[in-house]
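Given the coordinates of chain A, assemble chain B onto it according to the supplied hints.
Residue numbers (our numbering), protein chains in the order written: chain A, 1 to 306; chain B, 307 to 620.
Hint data in this document are derived by calculation from the structure and do not stem from the laboratory. Glycine included, each C-beta is placed from N, C-alpha and C at the ideal position. Hints may contain errors.
Unchecked claim - Examples of chain A residues toward chain B, derived with CB under 10 angstroms: (1) W55; (2) G56; (3) L134; (4) K139; (5) R151; (6) D152; (7) N237; (8) P240.
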Amino acid sequence: MISLDFLAKKFNSFEQVLESKFSSYKDLLTSEEKSTLESTYQSLLKIYGETEDPWGLSVPKAKKSFEILYTIYRHYFKVRLFGKENIKNEQYMVISNHSGQIAIDGLMIGCAFAFENEPPRVLRLMVERFFTALPFINKWSSECGAVLGDRDNCLNLLKRGESLLIFPEGVRGVSKSTTNYYKVQEFTPGFFRMALKSGVKILPVAVVGAEEIFPYVYQASAVAKILKLPALPISANYFPLPSPIDIHVGKPIELPEDIDADSEDSLINPHIREIERVIQSMLTEGRKTRRPWAFSKKMNEDNGDE
Amino acid sequence: MNNKRSILIIGASGGLANILCGILAKRMPDARIIGIDSRKMKNEVDFDNYTFHRMRYTRRNFEKLFRENRFESIYQIGRITPPGGSAEERLSFSLVNTSKVLELAEKYLIKKFIMLSTYHVYGAQPDNPVFINEDYPLKVSIKHPELRDVTEIDALCTNWMWKNRENIETVVLRPCNIIGPQIDNTISRYLTSNMTPVPIDFNPMMQFIHEYDMANILFQALDKIPTGVYNVAPSETISLQEAKKITGTRDIPFPVFTLEVLSKAIRKIWPFPSYFIDFVMYSCIIDNTKIHQYIPEDIYQYNCRKTLSLIRKG
Numbered sequence: 001m002i003s004l005d006f007l008a009k010k011f012n013s014f015e016q017v018l019e020s021k022f023s024s025y026k027d028l029l030t031s032e033e034k035s036t037l038e039s040t041y042q043s044l045l046k047i048y049g050e051t052e053d054p055w056g057l058s059v060p061k062a063k064k065s066f067e068i069l070y071t072i073y074r075h076y077f078k079v080r081l082f083g084k085e086n087i088k089n090e091q092y093m094v095i096s097n098h099s100g101q102i103a104i105d106g107l108m109i110g111c112a113f114a115f116e117n118e119p120p121r122v123l124r125l126m127v128e129r130f131f132t133a134l135p136f137i138n139k140w141s142s143e144c145g146a147v148l149g150d151r152d153n154c155l156n157l158l159k160r161g162e163s164l165l166i167f168p169e170g171v172r173g174v175s176k177s178t179t180n181y182y183k184v185q186e187f188t189p190g191f192f193r194m195a196l197k198s199g200v201k202i203l204p205v206a207v208v209g210a211e212e213i214f215p216y217v218y219q220a221s222a223v224a225k226i227l228k229l230p231a232l233p234i235s236a237n238y239f240p241l242p243s244p245i246d247i248h249v250g251k252p253i254e255l256p257e258d259i260d261a262d263s264e265d266s267l268i269n270p271h272i273r274e275i276e277r278v279i280q281s282m283l284t285e286g287r288k289t290r291r292p293w294a295f296s297k298k299m300n301e302d303n304g305d306e
Numbered sequence: 307m308n309n310k311r312s313i314l315i316i317g318a319s320g321g322l323a324n325i326l327c328g329i330l331a332k333r334m335p336d337a338r339i340i341g342i343d344s345r346k347m348k349n350e351v352d353f354d355n356y357t358f359h360r361m362r363y364t365r366r367n368f369e370k371l372f373r374e375n376r377f378e379s380i381y382q383i384g385r386i387t388p389p390g391g392s393a394e395e396r397l398s399f400s401l402v403n404t405s406k407v408l409e410l411a412e413k414y415l416i417k418k419f420i421m422l423s424t425y426h427v428y429g430a431q432p433d434n435p436v437f438i439n440e441d442y443p444l445k446v447s448i449k450h451p452e453l454r455d456v457t458e459i460d461a462l463c464t465n466w467m468w469k470n471r472e473n474i475e476t477v478v479l480r481p482c483n484i485i486g487p488q489i490d491n492t493i494s495r496y497l498t499s500n501m502t503p504v505p506i507d508f509n510p511m512m513q514f515i516h517e518y519d520m521a522n523i524l525f526q527a528l529d530k531i532p533t534g535v536y537n538v539a540p541s542e543t544i545s546l547q548e549a550k551k552i553t554g555t556r557d558i559p560f561p562v563f564t565l566e567v568l569s570k571a572i573r574k575i576w577p578f579p580s581y582f583i584d585f586v587m588y589s590c591i592i593d594n595t596k597i598h599q600y601i602p603e604d605i606y607q608y609n610c611r612k613t614l615s616l617i618r619k620g
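Chain A on its own, in the form it takes in the complex (with noise of 0.2 angstroms):
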């Protein structure tokens, strides 16, 4: 008969085994890099505390995720921050595109505001529904500071001081077509209500390069109602191709004093429609400096300079 001690035993060794594969990433980074990662949890550490939060935001569980994170970002997608000097020190509503059919791009961003500013800061990724529920993910995400995208969440959230990340695409960003690269679909409103509402201000950010990571070929939508997803896009491959990202911070919008949360849809939808065409034009300005790469050079020879 298997004794517990056994199975704790061997569940052990596979933890170490995983660590020693994870840790062999680190080999990728300079001692500088190193150095920043280690004080980058240092100071998250004395923010955020050693015990988990009630979102359950863990920085010392988190750890290893960060370095694993960390070196994706610097060495896998080579990601570049432009306008870094648009973050202050003090609570945001990062609202951004999204793109690429699984969310690389909130995952860069989220080292971004971690491992380039200072303070740094953990964004509270809004995630869908279904994500929560998922094995594994769900405890992951949640160790990394990922929370249901809930209106009394994203509240609390911002009753606490916390600056969250919100894609007001949802699944139309992640699922676009090739045509559709890089064209901001339609933002959902709620975002700029719990603006409204908390009075914390809204940061653009545009991403350039994470449509490309997995090459989207087909959108399959009855398998995905069938397995009660949001939505399945079919792509050429399942391992994500290093094409170089770039993450454009805007300058802070302010919010408008003559409306609230509670006004109506006819008052609201101009100004979000204000931040679709800011971002918009965020992303085609970066395009215009994007680096090259096999997909890329394609796309903007395809759809010119729009």
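Same frame as chain A, now just chain B:
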């Protein structure tokens, strides 16, 4: 019959009620405290102003108790919790008993009715917001009909509360996980057992309240908390895996999403209530803002880690 303040505790044999009886008897020496239960009293409450009666709530002598004592306040703490009894038995017992108590409370013009519900009424769901407030729908019985008794009693008392709000102050308390040396509930057994699986694929955040703190809040509810429904939980939260570490049990790592099937297959020999699997997968964190408008936040004598370490085995 004298003019002493008279308080009835229904379900007085339970661990929590037992502590409450002691607190009431000690802190209110001029009041008459009467505990009733259909079970034997586990630990004697050694105060002259405390009396225990073993009886069923549906019998005729139950009303006699009301007639002779003219209760000013009632605590309804007794109910069968899963996995005890079948779902039908629990529903029938809880509803019949609670309706009888409410009927007598109205008839004999009591002033305060305090009902102990549970945070289980909200249900642990993947789409729960963190900090569920009292207005959140009671969703647990949608997925788990076996918990219908829990939501039905809560709803019954809440409706009764609004109907009688002019004459009777009614307080419905929905506490988080109550644990302590006297409490023998599902979560305590889960935390202190070496034979229960610990999820490797989920790690929900949880709230724990020490039995003494909960009893103290029940006591405070008598004079300090007005009519309404209140969540009861300390502000501190802790993940399930951390909690298991503190209670010092040996872990059996397990992908918990397979548990539901397993629990159905071996239900006869493994009394692991299927609803409880949701609570070890998804967070159900309640908002304590409303109750702390009336009682201070520093009422808790035990923090989360201390509370858990007190039930540590060995």
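How the hints compare with the structure:
no., hint, in the structure
1, W55, "holds (5 angstroms)"
2, G56, "holds (5 angstroms)"
3, L134, "holds (9 angstroms)"
4, K139, "holds (5 angstroms)"
5, R151, "holds (8 angstroms)"
6, D152, "holds (4 angstroms)"
7, N237, "violated (26 angstroms)"
8, P240, "violated (23 angstroms)"
Violated hints for the displayed structure, listed by number in ascending order: 7 and 8.
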